[in-house]
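J.: Line order of the protein sequences matches chains A and R. Sequence positions in the first sequence follow this note's numbering and run 1 to 341. Sequence positions in the second sequence follow this note's numbering and run 1 to 341.
Bear in mind the hints are in silico, worked out from the structure with no lab data behind them. Among the hints, erroneous ones may be present.
[Claimed, not checked] Estimated spans, in silico, between C-beta atoms of each pair:
#1 Asp65/R - Pro70/A: 29 to 35 Å
#2 Gln227/A - Val33/R: 53 to 59 Å
#3 Ser194/A - Asp281/R: 51 to 57 Å
#4 Gln192/R - Ser194/A: 39 to 45 Å
#5 Lys302/R - Pro70/A: 54 to 60 Å
#6 His310/R - Gly16/A: 45 to 51 Å
#7 Asn139/R - Val337/A: 53 to 59 Å
#8 Gly16/A - Ala306/R: 50 to 56 Å
#9 Arg28/A - Gln227/R: 20 to 26 Å
#10 Gln227/A - Phe311/R: 46 to 52 Å
#11 Lys302/R - Glu228/A: 53 to 59 Å
#12 Leu326/R - Gln227/A: 50 to 56 Å
[Unchecked claim] Listed next, the in silico BS3-like pairs over lysine-lysine satisfying Cα-Cα at most 27 Å (straight line):
#13 Lys19/A - Lys116/R
#14 Lys23/R - Lys220/A
#15 Lys34/A - Lys220/R
#16 Lys34/R - Lys220/A
#17 Lys23/A - Lys220/R
#18 Lys153/R - Lys153/A
#19 Lys153/A - Lys211/R
[As the list claims (entries may be wrong)] Quick partial rundown of chain R residues pointing at chain A, CB under 8 Å, derived from the structure:
#20 Leu17
#21 Asn22
#22 Tyr24
#23 Ser25
#24 Arg28
#25 Leu43
#26 Ala101
#27 Thr107
#28 Ile111
#29 Lys116
#30 Cys122
#31 Thr135
#32 His138
Note that CB positions come from ideal geometry on N, CA and C, so glycine has one too.
There are 2 protein chains.
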Amino acid sequence: MEPPPKKTISEIGRSGLIKELNKYSSWRSEQVVKGIGDDAAVLERNETTYTLISSETFVEGVEFDLTFMPFHQIGAKVISATVSDIYAMNGHPKAVLVNLAIPNRVTVDMIEELYKGIGMACSDYQCQLSGGDLTGSHNAVIISVTVYGEVEKDLIIYNSGARTDDAICITGDLGSALAGLKILLREKSHWQESDDPVMQPDLTPWEYVVKRQLVPVARKDVINLFQEHRIIPTSMIDISQGLIHDLQRVLNSSGKGAYLYQAAFPIDLQTREVANEMEEDVDKYALYGGEDFELMFTANEKVVEALAEHFSNFSVIGKITESKELLEMQTAEGEVVTFEK
Amino acid sequence: MEPPPKKTISEIGRSGLIKELNKYSSWRSEQVVKGIGDDAAVLERNETTYTLISSETFVEGVEFDLTFMPFHQIGAKVISATVSDIYAMNGHPKAVLVNLAIPNRVTVDMIEELYKGIGMACSDYQCQLSGGDLTGSHNAVIISVTVYGEVEKDLIIYNSGARTDDAICITGDLGSALAGLKILLREKSHWQESDDPVMQPDLTPWEYVVKRQLVPVARKDVINLFQEHRIIPTSMIDISQGLIHDLQRVLNSSGKGAYLYQAAFPIDLQTREVANEMEEDVDKYALYGGEDFELMFTANEKVVEALAEHFSNFSVIGKITESKELLEMQTAEGEVVTFEK
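I would like the entire structure built from these sequences, with the hints used as guidance.
T.: Quick look at the structure:
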């Protein structure tokens with residue numbers, strides 16, 4: 001199966017190139033426990049805890065579209081997307097810094113809406129807006145969010161810890177954020193073609209997937225549950241780029257392979273309906289759709305059973321194999337396909 | 001004296017608005033010692049040290065111009081500009097995260113050049129490149145840098161500590177980065193008007209100011225000197241937005257006023273020559289020119305005398321007064337002018 005075309009940056013881009021570019025930086029600080037390569041940088045804090053830092057940039061027209069995303073939802077979403085990286089290390093966000101670069105067309109009212117969304121999300125995730133920078137931009141609105149978090153040393157989970165025969169688990173469902181985006185883009189093009197400038201699309205039938213796209217929620221609840229029940233997965237990552245992309249990062253870091261059961265993929269009925277309407281393959285939504293911000297974790301069978309006693313909102317979608325970085329999937333039809341790196 | 005017109009964002013922008021927007025965020029984390037309002041966020045680390053975090057976004061066409069700035073110099077400059085905020089708190093940078101958003105016209109070679117500059121600057125400032133994000137952009141190259149630093153609790157210096165009768169001191173000289181920018185912009189417009197596409201401007205007569213604009217240096221040396229000689233200023237800030245803007249931040253935070261002696265401003269001869277060529281007032285360069293990344297600090301007379309025994313690259317340019325937030329300056333002609341807030 002081939003991945004769909006990328007937005008604006010080649011496949012080497014997001015993780016490969018960044019890692020490659022690290023060779024130009026030779027300084028190593030003793031405080032840095034883990035630099036490039038995981039969801040967040042890990043730094044020595046005190047005897048019992050690490051500091052976690054992650055930063056992401058969101059560009060209008062690439063990561064968000066002002067024609068169908070109100071500013072307060074953008075504010076909430078950029079916070080969710082960034083704190084998700086801290087949860088993926090089994091940590092808790094404590095503070096965020098937000099940098100804004102805005103063109104002249106953006107009014108103070110709009111920025112206030114953005115900050116209302118930021119403030120609400122910060123309250124939800126219990127982290128304090130603690131700084132930032134405001135500058136100009138000629139065209140696009142640009143938002144950079146940095147999150148500071150903490151994790152107990154005993155509880156930290158890296159990408160690199162997956163072990164052979166671990167179950168591959170995923171919270172929630174896959175591909176619904178992409179399904180929501182498809183609906184919003186379709187309605188946007190209807191609106192652009194229409195003579196009626198105040199036309200309001202009826203999004204009610206698509207409420208779930210549209211919400212998954214516009215106001216995704218980072219899985220703080222899962223982390224709290226893990227900690228309450230002393231469950232520690234062997235590896236964890238959040239689904240931001242898409243299942244295959246993010247799983248491949250885990251496999252590369254862990255030096256392992258994986259075998260997926262396509263029939264086990266958690267796909268919401270509404271996501272299937274969108275794919276039907278679009279005449280597209282819903283499995284591609286599940287495999288390559290990003291921005292679900294669900295957690296993918298690996299754990300041995302016993303741990304999965306223990307978790308299942310307290311929590312049902314996750315699915316086992318495959319297992320880790322010894323075959324180094326080889327990613328295979330048994331399709332619903334029983335065929336076995338191999339994914340290219 | 002009126003400030004020159006702003007680039008793309010109104011005066012309320014950079015610090016005022018950010019502070020104002022903080023009202024939408026009500027969550028307070030116990031780890032945050034100081035949030036919005038200083039050069040960096042201050043967080044509890046361990047018994048003896050604080051964590052410092054600062055983040056800045058740089059947008060092509062606003063903060064840098066690819067027609068006269070090579071990528072490796074941009075890489076070094078964005079690091080210098082960001083670590084400067086850590087030095088301004090009397091701390092030391094330890095790690096940086098760099099987010100890039102790039103349009104398709106940018107090649108992997110260019111990004112490599114950028115990262116060479118980043119790597120060199122990280123080595124100079126002894127901090128480790130520890131993470132980042134790579135995404136697309138439709139038009140401009142956008143770089144966001146987050147820096148993590150540490151400071152001993154006993155040594156931290158806030159904006160808010162200036163005391164009445166403290167001397168206002170500034171390292172290095174003022175306005176030279178702006179002078180360099182003026183020369184580069186003039187040469188750019190000559191080149192754009194010229195028929196010769198490979199015309200190379202002769203920048204030799206302007207070497208110092210051009211270097212100040214293209215490859216500014218954050219004052220790590222000053223911080224090391226302070227610590228070596230146990231000198232602790234009462235307040236400190238780096239000159240990123242311009243003397244008056246940055247001094248006003250210190251005065252607002254400290255609830256004090258200031259009286260400046262214009263005749264004492266450290267202005268390099270080359271900066272004066274640029275202003276002459278441009279038929280502009282060099283004092284405006286010193287008052288409003290940004291990006292010098294010099295440190296402005298306040299200290300009592302005894303501390304200043306002690307510092308002067310070890311260090312000569314600073315000037316006393318005025319004193320702190322009791323008059324709340326009133327900023328006055330005695331001009332070289334003996335008049336007294338007042339700056340609007």
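J.: Give a verdict on every hint.
T.: A quick look at each hint next to the structure:
Between Asp65/R and Pro70/A, the C-beta spacing of about 34 Å keeps the proposed range 29 to 35 Å intact. For the pair Gln227/A and Val33/R, the supplied restraint of 53 to 59 Å is violated, since their beta-carbon distance comes to about 25 Å. For the hinted restraint 51 to 57 Å between Ser194/A and Asp281/R, the CB-CB distance of approximately 56 Å keeps it satisfied. A hinted range of 39 to 45 Å holds for the C-beta pair Gln192/R and Ser194/A, which are about 42 Å apart.
Judged by the Cβ atoms, the range 54 to 60 Å given for Lys302/R and Pro70/A holds: they are separated by roughly 57 Å. Taking the beta carbon of each, His310/R and Gly16/A are about 48 Å apart, inside 45 to 51 Å as hinted. Under the hint 53 to 59 Å, the C-beta atoms of Asn139/R and Val337/A, about 38 Å apart, miss the expected range. At about 53 Å, the CB distance of Gly16/A to Ala306/R agrees with the hint of 50 to 56 Å.
For the hinted restraint 20 to 26 Å between Arg28/A and Gln227/R, the CB-CB distance of approximately 22 Å keeps it satisfied. Taking 46 to 52 Å as the suggested C-beta distance range, the pair Gln227/A and Phe311/R conforms, at roughly 51 Å. Distance hint check: the CB atoms of Lys302/R and Glu228/A are about 57 Å apart, consistent with the given range 53 to 59 Å. Taking 50 to 56 Å as the suggested C-beta distance range, the pair Leu326/R and Gln227/A conforms, at roughly 53 Å.
Only pairs whose Cα atoms come within 27 Å are accepted, and Lys19/A paired with Lys116/R is accepted, the gap being roughly 14 Å. The hinted pair formed by Lys23/R and Lys220/A meets the criterion: a straight-line CA distance of about 24 Å does not exceed 27 Å. The hinted pair formed by Lys34/A and Lys220/R meets the criterion: a straight-line CA distance of about 25 Å does not exceed 27 Å. The hinted pair formed by Lys34/R and Lys220/A meets the criterion: a straight-line CA distance of about 25 Å does not exceed 27 Å.
Pair hint Lys23/A plus Lys220/R holds up; C-alpha atoms about 24 Å apart against a cutoff of 27 Å. Restraint check for Lys153/R and Lys153/A: satisfied, since their Cα atoms lie roughly 24 Å apart, inside the 27 Å limit. With a C-alpha separation of about 45 Å, the suggested pairing of Lys153/A with Lys211/R is violated against the 27 Å cut-off. Using the Cβ-Cβ criterion of 8 Å, the hint placing Leu17/R at the interface with chain A is satisfied: the shortest such distance is roughly 6 Å.
Residue-level restraint check for Asn22/R holds (minimum Cβ-Cβ distance to chain A is 6 Å; threshold 8 Å). A distance limit of 8 Å between C-beta atoms decides the matter here; for Tyr24/R the minimum to chain A is near 4 Å, and the interface restraint holds. Evaluation of the Ser25/R hint against chain A yields a held restraint, the C-beta minimum of about 4 Å falling below 8 Å. Evaluation of the Arg28/R hint against chain A yields a held restraint, the C-beta minimum of about 5 Å falling below 8 Å.
Interface restraint check: Leu43/R against chain A, minimum CB-CB distance 6 Å, threshold 8 Å, status holds. Annotation: interface hint on Ala101/R holds; nearest CB of chain A at approximately 5 Å, less than 8 Å. Because the closest C-beta pair between Thr107/R and chain A is about 11 Å apart, greater than 8 Å, the hint is violated. With its C-beta approaching chain A no nearer than about 7 Å, Ile111/R sits inside the 8 Å limit, and its interface hint holds.
A least Cβ separation of about 5 Å between Lys116/R and chain A falls short of the 8 Å threshold, and the interface hint therefore holds. The restraint placing Cys122/R at the interface with chain A holds, with a minimum CB-CB distance near 5 Å, inside the 8 Å limit. The beta carbon of Thr135/R is positioned within 8 Å of a beta carbon in chain A (closest approach about 6 Å), and the interface hint is therefore held. For His138/R, the interface hint holds, since its Cβ comes within 8 Å of a Cβ in chain A; the closest pair sits about 5 Å apart.
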